[in-house]
Amino acid sequence: AQTVTQSQPEMSVQEAETVTLSCTYDTSENNYYLFWYKQPPSRQMILVIRQEAYKQQNAMENRFSVNFQKAAKSFSLKISDSQLGDTAMYFCALDNDYKLSFGAGTTVTVRA
Amino acid sequence: EAQVTQNPRYLITVTGKKLTVTCSQNMNHEYMSWYRQDPGLGLRQIYYSMNVEVTDKGDVPEGYKVSRKEKRNFPLILESPSPNQTSLYFCASSQGSLAANNEQFFGPGTRLTVL
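These protein sequences, in sequence, are chains A and B. This note's numbering puts the first sequence at residues 1 to 112. This note's numbering puts the second sequence at residues 1001 to 1115.
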């Protein structure tokens, strides 16, 4: 069985500042994929970033970057220069060949 | 426009009354999946399908059925809904395994309330 844990139910950040969301996971597989999804109030699920476990280099997409620590089974998301549009719930997810497991989510509020 | 559609978007029903939530994608995707989202639990996979006539259980399949008779459609069936199936449901599709760098596209969600 695989599990994903997000220990921060809510986080608040001032506009233009940086916030880091934590995610830990457990899997017995060696090859897997990790994702961060964003769910704004519209409820639409939007892929933010993905990381392949066999790649050591941390993924980066514009203001979003990850810190992937495979040995520690940790996959944190950093949002730099936070914008009001970043206000959403963020889910960490682990994929192992068609089975996708999600964390409980972290609600991020960006303050003006 | 490439999309995953779900119907209905909102549904209030009563215990025991069979219902079907439809899911359709227009991207010729092989892989489709159903999730339910509950507060504090995130999204949990109910069933998934790797291709026509091929389905398998996810983490929470009890009380649900699915079928994949056509590539584009993947309906979720609740034969006898109960209040603990009140949830937000998402259908998703992708060209293949996420491991092969295929992005998963989500539908807009169906809010189901079972009284």
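The set of hints was computed from the structure by calculation and includes no laboratory data. Small disclaimer: the values here were computed from a predicted structure and weren't measured. Ideal Cβ positions, reconstructed from N, Cα and C, are used throughout, including at glycine. Any given hint might turn out to be false.
Below, computed lysine-lysine pairings styled on BS3-like, alpha-carbon distance capped at 25 Å [said to hold, decoys possible]: (1) A:55 x A:73; (2) A:99 x B:1017; (3) B:1057 x B:1071; (4) B:1071 x B:1018; (5) B:1018 x A:73; (6) A:55 x A:99; (7) B:1065 x B:1018; (8) B:1057 x B:1069; (9) A:70 x A:99; (10) A:99 x B:1071; (11) A:55 x A:78; (12) B:1069 x A:78.
Computed footprint of chain A on chain B; a stretch qualifies when at least three of its residues, placed anywhere within it, have a C-beta under 8 Å from a C-beta of chain A [what the hints assert, rightly or not]: (13) 1015-1026; (14) 1069-1082.
Taking the hints in turn, this is what the structure says about them:
1. With a C-alpha separation of about 14 Å, the suggested pair residue 55 (chain A) and residue 73 (chain A) falls inside the 25 Å cut-off, and the hint holds.
2. At roughly 30 Å between alpha-carbon atoms, residue 99 (chain A) and residue 1017 (chain B) are farther apart than 25 Å, so this suggested pair is violated.
3. Annotation: proposed proximity of residue 1057 (chain B) to residue 1071 (chain B) holds, straight-line Cα distance about 18 Å (limit 25 Å).
4. Note on residue 1071 (chain B) and residue 1018 (chain B): the hinted pairing holds, with a Cα-Cα distance of about 24 Å set against a maximum of 25 Å.
5. Between residue 1018 (chain B) and residue 73 (chain A) the CA atoms are separated by roughly 42 Å; this puts the pair beyond 25 Å, and the hint is violated.
6. Simply put, residue 55 (chain A) and residue 99 (chain A) have alpha-carbon atoms about 20 Å apart, close enough for the 25 Å limit, and the pair holds.
7. Of the pairs offered as hints, the one joining residue 1065 (chain B) and residue 1018 (chain B) holds, with about 11 Å between alpha carbons and a cut-off of 25 Å not exceeded.
8. The hinted pair formed by residue 1057 (chain B) and residue 1069 (chain B) meets the criterion: a straight-line CA distance of about 17 Å does not exceed 25 Å.
9. Distance restraint check for residue 70 (chain A) and residue 99 (chain A): the Cα-Cα separation of roughly 19 Å lies within the 25 Å cut-off, and the hinted pair is therefore satisfied.
10. For the proposed pair residue 99 (chain A) and residue 1071 (chain B), the alpha carbon gap of about 19 Å is at most 25 Å, so the pair holds.
11. Pair hint residue 55 (chain A) plus residue 78 (chain A) holds up; C-alpha atoms about 18 Å apart against a cutoff of 25 Å.
12. Restraint check: the Cα-Cα separation between residue 1069 (chain B) and residue 78 (chain A) comes to about 42 Å, which exceeds 25 Å; the hinted pair is violated.
13. Taking a C-beta to C-beta cut-off of 8 Å, the stretch 1015-1026 of chain B contributes 0 residues in contact with chain A, too few for the three needed, and the coverage statement is violated.
14. A stretch counts as covered by a chain when three or more of its residues have a beta carbon under 8 Å from one of that chain; for the stretch 1069-1082 of chain B and chain A the count is 0, and the coverage is violated.
Checked against the numbered hints above, the structure violates hints 2, 5, 12, 13, 14; every other hint is satisfied.
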